[in-house]
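Number of protein chains: 2
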Amino acid sequence: MAVVTIKDIAKAAGVSPSTVSRVVSNHPRISKETSRKVKRIMEEMGYHPNVMAKSLVSKTTQTLAILLPRPAEELFKDFFFGELMRGILAHSTRAGYDMMLAAATSPQDEDDTISRLVFGRRVDGIILLSSRVDDPLIERLDKHKFPTVLIGRSEGQPHILSVDNDNVKAAYDATHHLIIQGHERIGFVSGLPNLTVSLDRMEGYRKAMNEAGLSVRPEWIVEGEFLQHSGYRAMSFMMSLPEKPSGLVVIDDVVGFGVLHGLTELGYTVPEDISLVSFNNIALSELATPPISSIDIGTYQLGYTASQMLIRRIQAETIHQNRVIIPHRLIVRDSSVHSISKRNS
Amino acid sequence: MAVVTIKDIAKAAGVSPSTVSRVVSNHPRISKETSRKVKRIMEEMGYHPNVMAKSLVSKTTQTLAILLPRPAEELFKDFFFGELMRGILAHSTRAGYDMMLAAATSPQDEDDTISRLVFGRRVDGIILLSSRVDDPLIERLDKHKFPTVLIGRSEGQPHILSVDNDNVKAAYDATHHLIIQGHERIGFVSGLPNLTVSLDRMEGYRKAMNEAGLSVRPEWIVEGEFLQHSGYRAMSFMMSLPEKPSGLVVIDDVVGFGVLHGLTELGYTVPEDISLVSFNNIALSELATPPISSIDIGTYQLGYTASQMLIRRIQAETIHQNRVIIPHRLIVRDSSVHSISKRNS
DNA sequence: CTGAAAGCGCTTACAG
DNA sequence: CTGAAAGCGCTTACAG
Numbered sequence: 001m002a003v004v005t006i007k008d009i010a011k012a013a014g015v016s017p018s019t020v021s022r023v024v025s026n027h028p029r030i031s032k033e034t035s036r037k038v039k040r041i042m043e044e045m046g047y048h049p050n051v052m053a054k055s056l057v058s059k060t061t062q063t064l065a066i067l068l069p070r071p072a073e074e075l076f077k078d079f080f081f082g083e084l085m086r087g088i089l090a091h092s093t094r095a096g097y098d099m100m101l102a103a104a105t106s107p108q109d110e111d112d113t114i115s116r117l118v119f120g121r122r123v124d125g126i127i128l129l130s131s132r133v134d135d136p137l138i139e140r141l142d143k144h145k146f147p148t149v150l151i152g153r154s155e156g157q158p159h160i161l162s163v164d165n166d167n168v169k170a171a172y173d174a175t176h177h178l179i180i181q182g183h184e185r186i187g188f189v190s191g192l193p194n195l196t197v198s199l200d201r202m203e204g205y206r207k208a209m210n211e212a213g214l215s216v217r218p219e220w221i222v223e224g225e226f227l228q229h230s231g232y233r234a235m236s237f238m239m240s241l242p243e244k245p246s247g248l249v250v251i252d253d254v255v256g257f258g259v260l261h262g263l264t265e266l267g268y269t270v271p272e273d274i275s276l277v278s279f280n281n282i283a284l285s286e287l288a289t290p291p292i293s294s295i296d297i298g299t300y301q302l303g304y305t306a307s308q309m310l311i312r313r314i315q316a317e318t319i320h321q322n323r324v325i326i327p328h329r330l331i332v333r334d335s336s337v338h339s340i341s342k343r344n345s
Numbered sequence: 001m002a003v004v005t006i007k008d009i010a011k012a013a014g015v016s017p018s019t020v021s022r023v024v025s026n027h028p029r030i031s032k033e034t035s036r037k038v039k040r041i042m043e044e045m046g047y048h049p050n051v052m053a054k055s056l057v058s059k060t061t062q063t064l065a066i067l068l069p070r071p072a073e074e075l076f077k078d079f080f081f082g083e084l085m086r087g088i089l090a091h092s093t094r095a096g097y098d099m100m101l102a103a104a105t106s107p108q109d110e111d112d113t114i115s116r117l118v119f120g121r122r123v124d125g126i127i128l129l130s131s132r133v134d135d136p137l138i139e140r141l142d143k144h145k146f147p148t149v150l151i152g153r154s155e156g157q158p159h160i161l162s163v164d165n166d167n168v169k170a171a172y173d174a175t176h177h178l179i180i181q182g183h184e185r186i187g188f189v190s191g192l193p194n195l196t197v198s199l200d201r202m203e204g205y206r207k208a209m210n211e212a213g214l215s216v217r218p219e220w221i222v223e224g225e226f227l228q229h230s231g232y233r234a235m236s237f238m239m240s241l242p243e244k245p246s247g248l249v250v251i252d253d254v255v256g257f258g259v260l261h262g263l264t265e266l267g268y269t270v271p272e273d274i275s276l277v278s279f280n281n282i283a284l285s286e287l288a289t290p291p292i293s294s295i296d297i298g299t300y301q302l303g304y305t306a307s308q309m310l311i312r313r314i315q316a317e318t319i320h321q322n323r324v325i326i327p328h329r330l331i332v333r334d335s336s337v338h339s340i341s342k343r344n345s
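Note that the protein sequences, when read in sequence, are chains A and B.
For the first sequence, full-length UniProt numbering assigns the number 1 to the initial residue and increments by one for each residue that follows.
For the second sequence, full-length UniProt numbering assigns the number 1 to the initial residue and increments by one for each residue that follows.
What the hints contain is simulated information worked out from the structure, not anything from laboratory work.
Don't take every hint at face value.
[Unchecked claim] Pairs of lysine-lysine residues, derived as DSSO-like cross-links and limited to a Cα-Cα distance of at most 30 Å, are as follows: (1) B:LYS145 - A:LYS7; (2) A:LYS145 - B:LYS11; (3) A:LYS59 - B:LYS54; (4) B:LYS145 - A:LYS145; (5) B:LYS39 - A:LYS143; (6) B:LYS37 - A:LYS143; (7) A:LYS7 - B:LYS59; (8) A:LYS11 - B:LYS54; (9) B:LYS244 - A:LYS59; (10) B:LYS143 - A:LYS143; (11) A:LYS37 - B:LYS11; (12) B:LYS207 - A:LYS59; (13) B:LYS143 - B:LYS54; (14) A:LYS11 - B:LYS145; (15) A:LYS59 - B:LYS39; (16) A:LYS145 - B:LYS143; (17) A:LYS39 - B:LYS145; (18) A:LYS143 - B:LYS169; (19) B:LYS54 - A:LYS7; (20) A:LYS54 - B:LYS37; (21) A:LYS11 - B:LYS207; (22) A:LYS7 - B:LYS143; (23) A:LYS11 - B:LYS59; (24) B:LYS59 - A:LYS54; (25) A:LYS59 - B:LYS169; (26) B:LYS7 - A:LYS59; (27) B:LYS39 - B:LYS11; (28) B:LYS145 - A:LYS54; (29) B:LYS7 - A:LYS39; (30) A:LYS59 - A:LYS7.
Just so we're clear, the structure is a prediction, and the values are computed from it rather than from any experiment.
Take these sequences, add in the hints, and give me the full structure.
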């Protein structure tokens, strides 16, 4: 590729590089005539401004980064992630920002990545996915006042920008839904215990159970990862108990798929034997057999809003709320309700 | 954030900026002592090299871009994409490259994005997803000899680097599998006709049908998008025909989910009434009811290999094959086989 | 309305 | 082993 610089254009147009630069940035005090001529020459010679050089002087990169949580490998297996990306990209593209995807394989690696991207001034802001309890990273970014938006929540840094759901309430609603269907033995298939989302949903589950005066057996609570695999395992464990739950709240639809598959395989019927509600409402939940009841957490909105807040912050606009809660709603499907007429049974 | 530059370090260490630069890049002819001292001071002052400045002089960015096909919005709805990204990121991260995600909303926008990223020298190479027939973009990149890898194939530029499946053979295999199960009326639910993957799979389908002496009715071929929605629509159309197919080859698992759901809803049984094979083998395919037979196209490998080829190309290493074909294999599940004992029927 | 000059933060022959 | 100088491609006060 031939590299055409601003100097080449200047020479060809018989003006100074300063003038070319002003034409490129549509500076107001440039004569129409000069502007037209320079633009024509840029076109002819195939000029494209060097983004790096521009960044260096403007000290801005027009780029954001999404930092994938450590086990990025796993993350992508959860389909929830794609929807989140859609939301983030929709807004950032519109606002003229490029998006960088940074995967970190180890904590050490994560530190290096942050150093490179953030302190190396490669990006203007960063979106953090999946908040862990006591995440040192959040503290580090916060201390340096680097524009950051967290999807989730952080206990240590209450003033950090964040977008989240009310996960306590969401889990409460899911559990309550099973309770009013008459279930008394309700289990909870959770995610990794170091994720705030796991803690919050657990809390909502317990709260609903307590309020209803139902007891929570420790063996009805199983932790795992966000993989169908985990759902399968959790299910086989619970179904081996002398006193089995009759309803399950499951941390994620993919895990829910695993649970459902396992139950079917063991000959149980959903919802007759076991009722099921999970979270995230991924596109395939409604296509499961039976369709899975799920808490829609507004995944796309979550991403869109995160991008919006981050860009506002970068552009030093006033931000009215440091913490935005995206509303959730329970989508009731056949996996949790007997009374809905089964179409093919 | 306080900005510490190489000059600050130089001053504090009592050496020249050149020396600091050499320490940073582990230049061999720097005394152990100087190196140690400078490193200590960098640590103390919190020095991080400015990536933009480095790029400007080195003319390399250590960054790749993935250009999302135009309707990126849709793409993310297909779960296949996440797996592809996993593969791409796994390798690129390992090789020390950052990844940029570029979404283009319109053709115009796509051009601007390319100009900015490629000609603005913001990235060192680019991975193109989803090859369309006669894609002008491929030609443009190829003409400028910009390091590019295409996931898919391009008729116009046979020498461009590409990673692909043998989609003709894959569809042949899928169709043949139905044929040896005794099906004679087999339909094909395709994707958008401007994608090479749609064309190739269609060809394989026709080929298998022809070889077996089976006729292909035009109404048994339906085109749509890669969404469950499309599967649903295709299915209702075909099931309204006087002569319905008894087997279906479906371009994508997500579409397959839609087909399956629709069939179940209409009271058909799979595979007894209709047998089904689709492509991509996404994680949830095996959890469908019944589990969906699918051609595993090695999605992760596809991404991994693309990244590998691109980085080799950038680093000017010898590339033995311009075009790499990732092998596929048919995963037979209950959706296409009567004889497998149904666990719960 | 336009140009000359300085500078963004780094690297790298060229000398020594 | 180390430094001074030039330069990567751009922008932006400062003059005029």
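Subject >> 30 Å Cα cutoff - pair LYS59 (chain B), LYS54 (chain A) >> reply: Measuring from Cα to Cα gives roughly 14 Å; hence the hint holds.
Original post:
Do the alpha carbons of LYS37 (chain B) and LYS143 (chain A) lie within 30 Å of each other, as the hint requires?
Top reply: The hint holds at about 27 Å.
Original post:
Under the criterion that the straight-line Cα-Cα distance not exceed 30 Å, is the pair LYS7 (chain A), LYS143 (chain B) satisfied?
Top reply: Distance of about 24 Å is within 30 Å: holds.
Original post:
Under the criterion that the straight-line Cα-Cα distance not exceed 30 Å, is the pair LYS7 (chain B), LYS59 (chain A) satisfied?
Top reply: Holds: LYS7 (chain B) and LYS59 (chain A) sit about 17 Å apart, inside 30 Å.
Original post:
Between LYS145 (chain A) and LYS143 (chain B), does the CA-CA distance stay at or below 30 Å?
Top reply: violated, 44 Å
Subject >> Hinted pair LYS244 (chain B) and LYS59 (chain A), Cα distance within 30 Å >> reply: violated, 64 Å
**OP:** With a cut-off of 30 Å on the C-alpha distance, tell me whether LYS37 (chain A) and LYS11 (chain B) pass.
**Re:** Distance of about 46 Å is beyond 30 Å: violated.
Original post:
Under the criterion that the straight-line Cα-Cα distance not exceed 30 Å, is the pair LYS11 (chain A), LYS59 (chain B) satisfied?
Top reply: holds, 23 Å
Original post:
Under the criterion that the straight-line Cα-Cα distance not exceed 30 Å, is the pair LYS145 (chain B), LYS145 (chain A) satisfied?
Top reply: Roughly 41 Å between the alpha carbons, so the hint for LYS145 (chain B) and LYS145 (chain A) is violated.
**OP:** Please work out if LYS143 (chain B) and LYS54 (chain B) have their alpha carbons no farther apart than 30 Å.
**Re:** This hinted pair holds, its Cα atoms lying about 28 Å apart.
**OP:** Mind checking the alpha carbons of LYS145 (chain B) and LYS54 (chain A) for me, to see if they're no more than 30 Å apart?
**Re:** holds, 24 Å
**OP:** Take the C-alpha atoms of LYS143 (chain B) and LYS143 (chain A), compute the straight-line distance between them, and say whether it is at most 30 Å.
**Re:** violated, 47 Å
In the structure shown, a violation is registered for the earlier hints numbered 4, 9, 10, 11, 12, 16, 18, 20, 21, 25, 29, in ascending order.
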